[in-house]
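Heads up, the sequence shown is in my numbering, so the first residue is 1 and it goes up one at a time.
Among the hints, a few may not be true.
Below, computed lysine to any residue pairings styled on SDA-like, alpha-carbon distance capped at 25 angstroms [what the hints assert, rightly or not]:
no.: 1; residue 1: Lys110; residue 2: Ala196
no.: 2; residue 1: Lys176; residue 2: Tyr75
no.: 3; residue 1: Lys292; residue 2: Pro138
no.: 4; residue 1: Lys192; residue 2: Ser108
no.: 5; residue 1: Lys110; residue 2: Ala139
no.: 6; residue 1: Lys175; residue 2: Phe83
no.: 7; residue 1: Lys15; residue 2: Thr89
no.: 8; residue 1: Lys15; residue 2: Gly36
no.: 9; residue 1: Lys55; residue 2: Ile35
no.: 10; residue 1: Lys288; residue 2: His368
no.: 11; residue 1: Lys292; residue 2: Lys264
no.: 12; residue 1: Lys192; residue 2: Asp92
no.: 13; residue 1: Lys347; residue 2: Phe296
no.: 14; residue 1: Lys176; residue 2: Asp310
no.: 15; residue 1: Lys192; residue 2: Glu33
no.: 16; residue 1: Lys176; residue 2: Tyr86
no.: 17; residue 1: Lys288; residue 2: Asp156
no.: 18; residue 1: Lys39; residue 2: Thr89
no.: 19; residue 1: Lys209; residue 2: Gly256
no.: 20; residue 1: Lys15; residue 2: Lys82
no.: 21; residue 1: Lys298; residue 2: Lys39
no.: 22; residue 1: Lys111; residue 2: His191
no.: 23; residue 1: Lys264; residue 2: Met226
no.: 24; residue 1: Lys111; residue 2: Lys301
no.: 25; residue 1: Lys301; residue 2: Asp315
no.: 26; residue 1: Lys416; residue 2: Met353
These are computed hints drawn from the structure, not numbers from a lab.
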Amino acid sequence: MKMYIFIQALMYIFKLAFIGYENEVMYNNLLKEEIGDRKLEEFMERIRNKGCNPKQYVFIPVHPWQWVNFIISNYADHIQGKFIIYLGTSEDDYCAQQSMRTLRNITSPKKPYVKLSMNLLNTSTLRTLKPYSVVSAPAISNWLNDVVSNDAYLMDEARLILLNEFSSVTYDTNKKAIYGSLGCIWRESIHKYLDAQEDAIPFNGLYAKEKNGTPIIDAWLNKYGMKDWLQLLIQKAIIPVIHLVVEHGIALESHGQNMILVHKEGVPVRIALKDFHEGLEFYRPYLKTVDKCPDFTKMHKTYANGKMNDFFEMDRIECLQEMVLDALFLFNLGELAFVLADEYGLKEEHFWMMVVEEIENHLRIYPHLKGRFENIQLYAPTFYAEQLTKRRLYMDLESLVHEVPNPLYRVRQLMKQKSAVTGGNYANR
1 MKMYIFIQAL MYIFKLAFIG YENEVMYNNL LKEEIGDRKL EEFMERIRNK
51 GCNPKQYVFI PVHPWQWVNF IISNYADHIQ GKFIIYLGTS EDDYCAQQSM
101 RTLRNITSPK KPYVKLSMNL LNTSTLRTLK PYSVVSAPAI SNWLNDVVSN
151 DAYLMDEARL ILLNEFSSVT YDTNKKAIYG SLGCIWRESI HKYLDAQEDA
201 IPFNGLYAKE KNGTPIIDAW LNKYGMKDWL QLLIQKAIIP VIHLVVEHGI
251 ALESHGQNMI LVHKEGVPVR IALKDFHEGL EFYRPYLKTV DKCPDFTKMH
301 KTYANGKMND FFEMDRIECL QEMVLDALFL FNLGELAFVL ADEYGLKEEH
351 FWMMVVEEIE NHLRIYPHLK GRFENIQLYA PTFYAEQLTK RRLYMDLESL
401 VHEVPNPLYR VRQLMKQKSA VTGGNYANR
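Using the sequences and the accompanying hints, generate a full structural model.
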């Protein structure tokens, strides 16, 4: 079975493979309702037919490509010894999302997405699931939910959506050859949160194009006006991510499909964020309720043996700057700025000026954030960004970051100069 079978189109539909694994070596938080009573009984019967006790096994979904191309050969001794038993396939049908290893349920769209380990290299990264990150996923989601639910702006005005990673299961091993190759994270579906008349699109879909070369957002810009639409997008999608960093000291890797725009016929309404188990950083002195921050050292030995800055906790607030500028501004907004400049003639300077104006407006509404915002230094002249193409082409290089100019700094300086001449609000900032 070749991988191209699964990537000919994202709409290729298939069923998940399921295996049973002896639970003495597993972290298990699997929800039985995701399997279904009938299918659960079927799986248990297959285990009994092998002469084994179903109560000693947990059920792990496996991507069919992973089963055929990796598990069968690399876990042959486990299969022979009945530590692994192939149970069959899922009741529901699935197809891949952009990331390939995260699948959506075609049969029941409101049921959770399933993120699976896959031993393949995609966009410079091996798409396995590190056991320690799988274990901590539900705790991170619970923590973020508590943070958002106690913030009036994020909860009531922005109506920020967090697609919770509510359950996970992994096979933890020290064997390098199979490390991270068996694991699953269940994540809430965006369809669970959509109101009537609402639809959703991954943020990187905003700068994608149709087959004929027309930007996907073309009809929306023509209908609502480019600048009005862009201003609303910044307010609804970008400011909540910045607020989370400044108010709570939590930065998310908000790039590409990790942000999902909820809209009504193209009008930006709110943003959904996802993929927290590896893409989060926090600065403890900025946390509102330190006691509610998960103690990762108690979840897995890898965290316990780690140092500051190795995983989630950073020792300086400036560390969060690079994640925000690289992921949110360079990756997501930078690509959108290119499309609006190339296709619609919006100068990049004007694009970034609109972004800065909305940031400053938010700081005027919440003046207590001004000092915290300045400490994060999102207006720094330069910042360090990942060289993603170089990472893919030259994987043996030690340094895969380079210093790039910050467009926010440039336009803010221009705005201050203009304000000084006209006596406006930016002159003394």
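- What hints, given by number in increasing order, does this structure fail? 11, 13, 21, 24
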